[in-house]
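Visitor: Which chain is which? The protein sequence lines are Y and V, in order. Sequential numbering of the first sequence, starting at 5, is according to the working numbering. Sequential numbering of the second sequence, starting at 5, is according to the working numbering.
There could be a bad hint or two in this list.
Put simply, identical chains are the same to the list, so a pair is met inside one copy or across any two.
[Claimed, not checked] Calculated lysine to aspartate or glutamate pairs in the DMTMM-like style (CA-CA distance at most 20 Å, straight line):
#	residue 1	residue 2
1	Lys-160	Glu-41
2	Lys-223	Asp-44
3	Lys-82	Asp-121
4	Lys-224	Glu-41
5	Lys-46	Glu-65
6	Lys-46	Glu-141
7	Lys-224	Asp-136
8	Lys-82	Glu-164
9	Lys-107	Asp-67
10	Lys-107	Asp-44
11	Lys-82	Asp-165
12	Lys-160	Asp-104
13	Lys-107	Asp-52
14	Lys-160	Asp-86
15	Lys-82	Glu-217
16	Lys-113	Asp-52
Since the hints were made in silico from the structure, they are not lab data.
There are 2 protein chains.
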Amino acid sequence: MTIRFVGTNYCGSQVQAPGFPTVQLAFQDALQEVLGERPDVKCCSRTDSGVHANRYCISFESDVAVPAGRLPIALNTKLPPDIRALEARLVPQGFHARYDCLKKRYIYKVWNSRIMDPFLYGRAHQFVRPIDTAALEQIAQVFVGTHDFEAMSSSKRDAEDTVRTVYEFHVTRRGELVIFSVTADGFLYNMVRIMVGTLLNAARGRLTAEEIEQVMRSKKRINLCMTAPAEGLYLDEVFYPL
Amino acid sequence: MTIRFVGTNYCGSQVQAPGFPTVQLAFQDALQEVLGERPDVKCCSRTDSGVHANRYCISFESDVAVPAGRLPIALNTKLPPDIRALEARLVPQGFHARYDCLKKRYIYKVWNSRIMDPFLYGRAHQFVRPIDTAALEQIAQVFVGTHDFEAMSSSKRDAEDTVRTVYEFHVTRRGELVIFSVTADGFLYNMVRIMVGTLLNAARGRLTAEEIEQVMRSKKRINLCMTAPAEGLYLDEVFYPL
Numbered sequence: 005m006t007i008r009f010v011g012t013n014y015c016g017s018q019v020q021a022p023g024f025p026t027v028q029l030a031f032q033d034a035l036q037e038v039l040g041e042r043p044d045v046k047c048c049s050r051t052d053s054g055v056h057a058n059r060y061c062i063s064f065e066s067d068v069a070v071p072a073g074r075l076p077i078a079l080n081t082k083l084p085p086d087i088r089a090l091e092a093r094l095v096p097q098g099f100h101a102r103y104d105c106l107k108k109r110y111i112y113k114v115w116n117s118r119i120m121d122p123f124l125y126g127r128a129h130q131f132v133r134p135i136d137t138a139a140l141e142q143i144a145q146v147f148v149g150t151h152d153f154e155a156m157s158s159s160k161r162d163a164e165d166t167v168r169t170v171y172e173f174h175v176t177r178r179g180e181l182v183i184f185s186v187t188a189d190g191f192l193y194n195m196v197r198i199m200v201g202t203l204l205n206a207a208r209g210r211l212t213a214e215e216i217e218q219v220m221r222s223k224k225r226i227n228l229c230m231t232a233p234a235e236g237l238y239l240d241e242v243f244y245p246l
Numbered sequence: 005m006t007i008r009f010v011g012t013n014y015c016g017s018q019v020q021a022p023g024f025p026t027v028q029l030a031f032q033d034a035l036q037e038v039l040g041e042r043p044d045v046k047c048c049s050r051t052d053s054g055v056h057a058n059r060y061c062i063s064f065e066s067d068v069a070v071p072a073g074r075l076p077i078a079l080n081t082k083l084p085p086d087i088r089a090l091e092a093r094l095v096p097q098g099f100h101a102r103y104d105c106l107k108k109r110y111i112y113k114v115w116n117s118r119i120m121d122p123f124l125y126g127r128a129h130q131f132v133r134p135i136d137t138a139a140l141e142q143i144a145q146v147f148v149g150t151h152d153f154e155a156m157s158s159s160k161r162d163a164e165d166t167v168r169t170v171y172e173f174h175v176t177r178r179g180e181l182v183i184f185s186v187t188a189d190g191f192l193y194n195m196v197r198i199m200v201g202t203l204l205n206a207a208r209g210r211l212t213a214e215e216i217e218q219v220m221r222s223k224k225r226i227n228l229c230m231t232a233p234a235e236g237l238y239l240d241e242v243f244y245p246l
């Protein structure tokens, strides 16, 4: 099932501890109402508190005979308005939204102006210094390719293998909105936010492309490789072999 | 001063009764903190609860010597994040944001799909039936020109003179988002929402262009001239002779 959500009111996508609202929990509650049973919902990604999704995938198994195509409309009558089910389809048994995912695209929205757009409050990160998007996209190419991203991940990660392949990294502008778009076969914990935070420090003139390359090679994160706030981050698309 | 706000959390733009949050009240509070005095804030329009503004004007008089250009940034540190001051400038004494306004443009956002975009919840009105924007724009031309808009206003209006001049009415589509855009020298109470509600009933096949013309001529509102919900309405631009 493909879903879309505003992450502001959720403590991330996956259930962490009782009492914390998560997108996964909201779906399990809605599915219970619609199907009369509570399936174990698998999530494509463990997004943080406040992170949004344009397109996010969940998978679950159920014996209840409901045509997949009808599920989104039925679920949307039960889900809170900041989460919507977009599409559903049958997949082979054993399919897992996270492990079967081939690649993902995240976007990060930066509002590049001294005055924030109130409609983007909590939905984009405000950054006042001017951003030269062409220069930043150029620098961002240091991340493209197969690299060890240990220096671009939080120490809280649980992944053993820190090698990932970034297929594309773009930085574009639409008026005052600057959009960072990155596609990879997988992402370490906080990896997108740290890459964006690093690039924003490059925009501030605090880091050069060469220094970022050095940090990547050293596999040791430095303070200037900051984590950009969650509010600007959106899981934008997930790709499956199906 | 030009401002922008998300109307969701406000009981309209103008102070109505004590204890109700309004945009005007938020500005008076912020101005008091910045200027050390509480100016009487004049609003360009009395928008309803839940109505938004891309650009809205307020005016006030103050003897405090603060350069107008610096006011927005100073005020934004005091205002709630769903209201932002965009620009400020000096105007001749006696200027009034409402009475000196030559014309205004409102837009109305309709999300035309069976599945709502969660990012537009409270910021656009969902309408499921297909909308033929070219056909609706054609019908909307019945409103363009100088007419008595009594049939397109709420009985709660306080205007004596119900004649207004609509300069332009457009209906356009960007994907699933349909935008109604109407510019006039002034609007009666609920006039935009009733014109849009009427056009949506035309999209449902419940009203023809001829019937709308008849209702306009009769000066008596009928039930099919419904008031579209506040959440889709935005004051988009205000025009002054300055």
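Visitor: Of the numbered hints stated previously, which ones are contradicted by the structure, given in increasing order?
Guide: 1, 2, 4, 6, 7, 8, 9, 10, 11, 12, 14 and 15
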